[in-house]
Each structure stands twice: as C-alpha cells, then as structure tokens.
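Participant: Take these sequences, add in the hints, and give me the full structure.
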Amino acid sequence: MVEVDGTSNIYKDKQELGDAAALQYADSLFHCLPLGSNSEDALGLGAMWGKERAVKMLKEAGFKDVKIIPTPYFETNVLYVTKKE
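Taking my numbering, the leading residue of the sequence shown gets 412, the next gets one more, and so forth.
To be clear, the hints were calculated from the coordinates, so they are not data collected in a lab. None of these values were measured; they are calculated from a predicted model. Check the hints yourself; a few may be wrong.
Below, in silico cross-link-like pairs of lysine to aspartate or glutamate (EDC-like), each with a Cα-Cα straight-line distance of 16 Å or less [stated by the list, open to error]: (1) 462 x 427; (2) 494 x 471; (3) 425 x 438; (4) 425 x 486; (5) 495 x 471; (6) 470 x 496; (7) 475 x 496; (8) 478 x 414; (9) 478 x 463; (10) 467 x 414; (11) 423 x 463; (12) 475 x 463; (13) 495 x 476; (14) 494 x 476; (15) 462 x 476; (16) 467 x 496; (17) 462 x 486; (18) 462 x 414; (19) 478 x 496.
What follows is a list of derived Cβ distance ranges for each label pair [to be verified]: (20) 429 x 495: 33 to 41 Å; (21) 494 x 441: 28 to 36 Å; (22) 431 x 473: 31 to 39 Å; (23) 494 x 445: 27 to 35 Å; (24) 451 x 476: 31 to 39 Å; (25) 430 x 473: 35 to 43 Å; (26) 496 x 437: 30 to 38 Å; (27) 479 x 434: 17 to 25 Å; (28) 468 x 422: 18 to 26 Å; (29) 495 x 430: 31 to 39 Å; (30) 437 x 470: 28 to 36 Å; (31) 419 x 482: 16 to 24 Å; (32) 488 x 421: 15 to 23 Å.
Note that beta-carbon positions come from the ideal geometry of N, C-alpha and C, so glycine has one too.
Facilitator: Okay, here's the thing in structure tokens:
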C-alpha cells in the first residue's frame, strides 16, 4: 500500500516534510477528503491520516508484521508491506 508519509499532526508534518507538507494538506483538503467522504460509513481520514493510524487500522483488519518503507523516488510517500493473518 502506498500512502503519504504523514503523521496526522500538522506541526510534526511541517518539521519532517517542510514546505511539501502544505501541498499535501491542500491536496488532502480539496481532493482526498471530498472523495473519501461520499458514503455514510466513510472515515474521512484524508491524505495525511498518519503512519500510526494506518498501522493500527491494518492490524485491526487482520494484517500482521506491518513494515513501513520509504520510497526512493517519491519523497513524500511510504510503502506499507504486510501480510494477512
């Protein structure tokens, strides 16, 4: 799974991602949140939902051994590698 390398904390994201954090939050606000909120049971997480929350939700869904790997060609993304129990 490829996701944005966010923390769900805007202060930490600004420290870690620099100016790219502003672009990621803008993209999340104007693209991800509207698209991800189209159903009654939508979680509305947005692009910057964070690694900690992603790992928690993957484990709750039955995945194990979740590894977060930086992507060499996309500085603001990470790759989640895991397997189903």
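Participant: None of the hints should be skipped; say for each whether it holds.
Facilitator: Structure-based check of all given hints:
no. : hint                  : result
1   : 462 x 427             : 13 Å, holds
2   : 494 x 471             : 13 Å, holds
3   : 425 x 438             : 15 Å, holds
4   : 425 x 486             : 14 Å, holds
5   : 495 x 471             : 11 Å, holds
6   : 470 x 496             : 9 Å, holds
7   : 475 x 496             : 6 Å, holds
8   : 478 x 414             : 13 Å, holds
9   : 478 x 463             : 12 Å, holds
10  : 467 x 414             : 14 Å, holds
11  : 423 x 463             : 13 Å, holds
12  : 475 x 463             : 14 Å, holds
13  : 495 x 476             : 9 Å, holds
14  : 494 x 476             : 7 Å, holds
15  : 462 x 476             : 14 Å, holds
16  : 467 x 496             : 15 Å, holds
17  : 462 x 486             : 15 Å, holds
18  : 462 x 414             : 9 Å, holds
19  : 478 x 496             : 15 Å, holds
20  : 429 x 495: 33 to 41 Å : 36 Å, holds
21  : 494 x 441: 28 to 36 Å : 34 Å, holds
22  : 431 x 473: 31 to 39 Å : 33 Å, holds
23  : 494 x 445: 27 to 35 Å : 32 Å, holds
24  : 451 x 476: 31 to 39 Å : 33 Å, holds
25  : 430 x 473: 35 to 43 Å : 38 Å, holds
26  : 496 x 437: 30 to 38 Å : 37 Å, holds
27  : 479 x 434: 17 to 25 Å : 21 Å, holds
28  : 468 x 422: 18 to 26 Å : 22 Å, holds
29  : 495 x 430: 31 to 39 Å : 38 Å, holds
30  : 437 x 470: 28 to 36 Å : 30 Å, holds
31  : 419 x 482: 16 to 24 Å : 19 Å, holds
32  : 488 x 421: 15 to 23 Å : 18 Å, holds
Checked against the numbered hints given earlier, this structure breaks none of them.
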